[in-house]
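If you read the protein sequences in the order shown, they are chains A and B.
Counting in the numbering used here, the first sequence runs from 1 upward without gaps.
Counting in the numbering used here, the second sequence runs from 1 upward without gaps.
Simulated from the structure, these hints should not be mistaken for lab results.
Because the structure is a prediction, the values reported are computed rather than measured.
Virtual Cβ for every residue (Gly too), placed ideally from N, Cα, C.
Accuracy of the hints is not assured; some may be wrong.
Derived pair list, reagent style BS3-like, types lysine-lysine, alpha-carbon separation capped at 25 Å [stated by the list, open to error]:
#1 B:LYS75 / A:LYS96
#2 A:LYS16 / B:LYS334
#3 B:LYS388 / A:LYS28
#4 A:LYS46 / B:LYS388
#5 B:LYS303 / A:LYS46
#6 A:LYS16 / B:LYS315
#7 B:LYS388 / B:LYS113
#8 B:LYS456 / B:LYS303
#9 B:LYS529 / B:LYS53
#10 B:LYS303 / A:LYS28
#11 B:LYS37 / A:LYS16
#12 A:LYS64 / B:LYS334
#13 B:LYS529 / B:LYS113
#14 A:LYS64 / B:LYS3
#15 B:LYS529 / A:LYS96
#16 A:LYS58 / B:LYS473
#17 B:LYS37 / A:LYS58
#18 A:LYS46 / B:LYS529
#19 A:LYS28 / B:LYS29
#20 A:LYS28 / B:LYS113
#21 B:LYS315 / B:LYS159
#22 B:LYS247 / A:LYS46
#23 A:LYS46 / B:LYS53
#24 A:LYS46 / B:LYS3
#25 B:LYS303 / A:LYS16
#26 B:LYS473 / B:LYS529
#27 A:LYS16 / B:LYS3
#28 A:LYS16 / B:LYS456
Coverage of chain A stretches by chain B, computed from C-beta distances (three or more under 8 Å per stretch; other residues unrestricted) [said to hold, decoys possible]:
#29 54 to 68
#30 71 to 80
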Amino acid sequence: MARMTLDELRALRETKRQDLARRDVEGKDIQIIVGMGTCGIAAGAKLTFDALVDSIQKHGLESKVLIRQTGCMGLCYVEPTVEVAYPGMPTVIYGKMTSDAAEELVQKHLVEHTLLDNHIFDRPAADILKK
Amino acid sequence: MAKKNFMLVCGGTGCESSKSDEIYRTLIKEAELQGVKDDVQVVKTGCFGFCEKGPIVKVLPSESFYVEVKPEDAKEIIAEQVIKGREVKRLLYKKSQQTADNIKVQDIEFYQKQFRIVLRNCGVINPENIEEYIARDGYVALEKALFEMSPQQIIDVMKASGLRGRGGAGFPTGVKWETAAKVNSEVKYVVCNADEGDPGAYMDRSTIEGDPHSVLEAMIIAGKAIGAHNGYIYIRAEYPLAIDRLKVAIAQAKERGLMGVDILGSGFDFDVEIRLGAGAFVCGEETALLQSIEGNRGMPIPKPPFPAIKGLWGKPTIINNVETLANIPVILTKGAEWFAAIGTDKSKGTKVFALTGKINNSGLIEVPMGTTLREIIFDIGGGIKGGKKFKGVQTGGPSGGIIVEKDLDTPISYESLIALGSMMGSGGMIVMDEDDCVVDVSKFYMAFCVDESCGKCAPCRIGTNQMHALLDKISKGNGVEADLDSLERIGKAMTKASLCMLGGSAANPTLATIRHFRDEYMEHIVDHKCRAGKCKSLVVYEIIPAKCIGCGLCARKCPVPCITGEKKQPHVIDTARCIKCGECFKACKFGAVTKR
């Protein structure tokens, strides 16, 4: 790598900041948790996970969203399952979240703040009723 | 393809010596073997500070905090965490005796109450990758200093921040810089003092190991402020890992044009060289350090003139400690007001301490000035090992004094520690319990000073020897009460008359222990008794015949051997030949061996 100018240093900092942001946990209040038990993985949860990471990067949300994996959530009949916790919105567990649905999730839930009605399988009723 | 998991492996000297490098390599190898190398990024970072529980591996984003990890655990960590997305529960940090297994990093009591400025990047970034430093606002302060600020503006910020030298003396950094800046000289020098000599202090080493660029960035800023174009880092050769990381960092900075000629196109030149020291304690003293860099024998010279006016090769030189420097990029980035708001009235910012001794969580901590010793020892440090009774804490290493229970609630600052007869020093904190003997500890520190005294001035050369002889006499039970007065008299003379602070502070540990524990000294002198059992000449091991069942365990453990007796008959220790190692005392299951 050659010597940098001031602008190059600033550009490099921006790119690398995003890379590191993905590693960081602090200050991220939106959580996406992908069920990666055997059932989930068999149904394609790994692809879903990757698609979610890509999609979040596409929307520039790395610094706000934390993507984690967990084990089986018990909804094995609708795998892959993805739980989304967004402050101010009910926490939802979506089912049948194949990699194609990942972009839809990010666009609708995280950007437009609407739920994906045809994928909801758990949690919302109780939360909605409380409000 | 994006990484799903990030594994941060501690690469500090402490964890490396318990095979963290092997853990790091095994994690990478296992990820490859198990076919998930694209899913996980393994990063070797600087010290996490929680050295008691090392080696440490932290996994993000799950925030799993694994302690005491072994290389053979790597396979399971990859299999569970990356493939199955589960934590390896048996390795997670647990509060003692508690079964709750999912403790998040911010809930670990060791990290609560800590506030990290100097150690901001330690355990977060890979110290051998300049890009990760840059990503965490690295070299932002340098940009400001080079393109937006005049030298005087930089100095004004330093003065307004209230930053004081972290090497121990607490001299205001901004004032030191201003003095050097005002001297008219074409050649000036910036020197980083990384000659960390206190037994038990390792914050400078860890800072360099975990975040070398923060020191380099600060040195360039200092160069701009005073008009210097050359810098030296004086570091002891016994810190090989820190030296390696510095070399890597300097090479990376030069390659990117962040050091060398025309930095970032600003027209400002600055170069840094490393100078290795042979590990003499006196070379931490600034004038002796400069002598050593010049190739002379490391001995202090009288001040004034101060180095800021006439230093290295007779040129104006500022010497700043590693920890002081590591604060500077943050102060410039966040502003003097931000920094001045942390800490106490006269001591601003934070201080890093190396907690060691009889404490549950030994390790590297950073707390705001004004935190009390009680909070450090009992909240962060987790109290005394094995539930023993706290006796005192030695701050400032061989230059400081012992601080006892009644003074534990004093908020820490440069002034308050001096008022207690100790000093901040570089931040070593050695905790002692009831099993430590004050005479023995004082003798240890005095022996250290005898060894390390350069011999140039008489008060230190002769004084340390005489004090050591008196302490030795007392520890062997041959002391008289007048020896205590002699110790105090010699100590006071050394403090006043020595050329540098080595001799000027060498008496502190002894004077402080006599002040607080005169009764224990008297016990040694009058009763020939050492209650902690540390002064070997005064300890006698004996077997109580009534309690001895004649199992023979003590005789088998005795290395001399000086324990005799028939099977199933009471044994006897030949006290004349006994070397007082205490093995029989530890071995006996029936309490038949006594110590008095």
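Do the hints match the structure? See the list:
no.: 1; hint: B:LYS75 / A:LYS96; result: violated, 31 Å
no.: 2; hint: A:LYS16 / B:LYS334; result: holds, 20 Å
no.: 3; hint: B:LYS388 / A:LYS28; result: violated, 42 Å
no.: 4; hint: A:LYS46 / B:LYS388; result: violated, 52 Å
no.: 5; hint: B:LYS303 / A:LYS46; result: violated, 68 Å
no.: 6; hint: A:LYS16 / B:LYS315; result: violated, 40 Å
no.: 7; hint: B:LYS388 / B:LYS113; result: holds, 24 Å
no.: 8; hint: B:LYS456 / B:LYS303; result: holds, 15 Å
no.: 9; hint: B:LYS529 / B:LYS53; result: violated, 37 Å
no.: 10; hint: B:LYS303 / A:LYS28; result: violated, 53 Å
no.: 11; hint: B:LYS37 / A:LYS16; result: holds, 21 Å
no.: 12; hint: A:LYS64 / B:LYS334; result: holds, 23 Å
no.: 13; hint: B:LYS529 / B:LYS113; result: violated, 41 Å
no.: 14; hint: A:LYS64 / B:LYS3; result: holds, 17 Å
no.: 15; hint: B:LYS529 / A:LYS96; result: violated, 78 Å
no.: 16; hint: A:LYS58 / B:LYS473; result: violated, 76 Å
no.: 17; hint: B:LYS37 / A:LYS58; result: holds, 23 Å
no.: 18; hint: A:LYS46 / B:LYS529; result: violated, 70 Å
no.: 19; hint: A:LYS28 / B:LYS29; result: violated, 31 Å
no.: 20; hint: A:LYS28 / B:LYS113; result: holds, 22 Å
no.: 21; hint: B:LYS315 / B:LYS159; result: holds, 23 Å
no.: 22; hint: B:LYS247 / A:LYS46; result: violated, 41 Å
no.: 23; hint: A:LYS46 / B:LYS53; result: violated, 33 Å
no.: 24; hint: A:LYS46 / B:LYS3; result: holds, 12 Å
no.: 25; hint: B:LYS303 / A:LYS16; result: violated, 47 Å
no.: 26; hint: B:LYS473 / B:LYS529; result: holds, 13 Å
no.: 27; hint: A:LYS16 / B:LYS3; result: holds, 14 Å
no.: 28; hint: A:LYS16 / B:LYS456; result: violated, 52 Å
no.: 29; hint: 54 to 68; result: holds (count 5)
no.: 30; hint: 71 to 80; result: violated (count 1)
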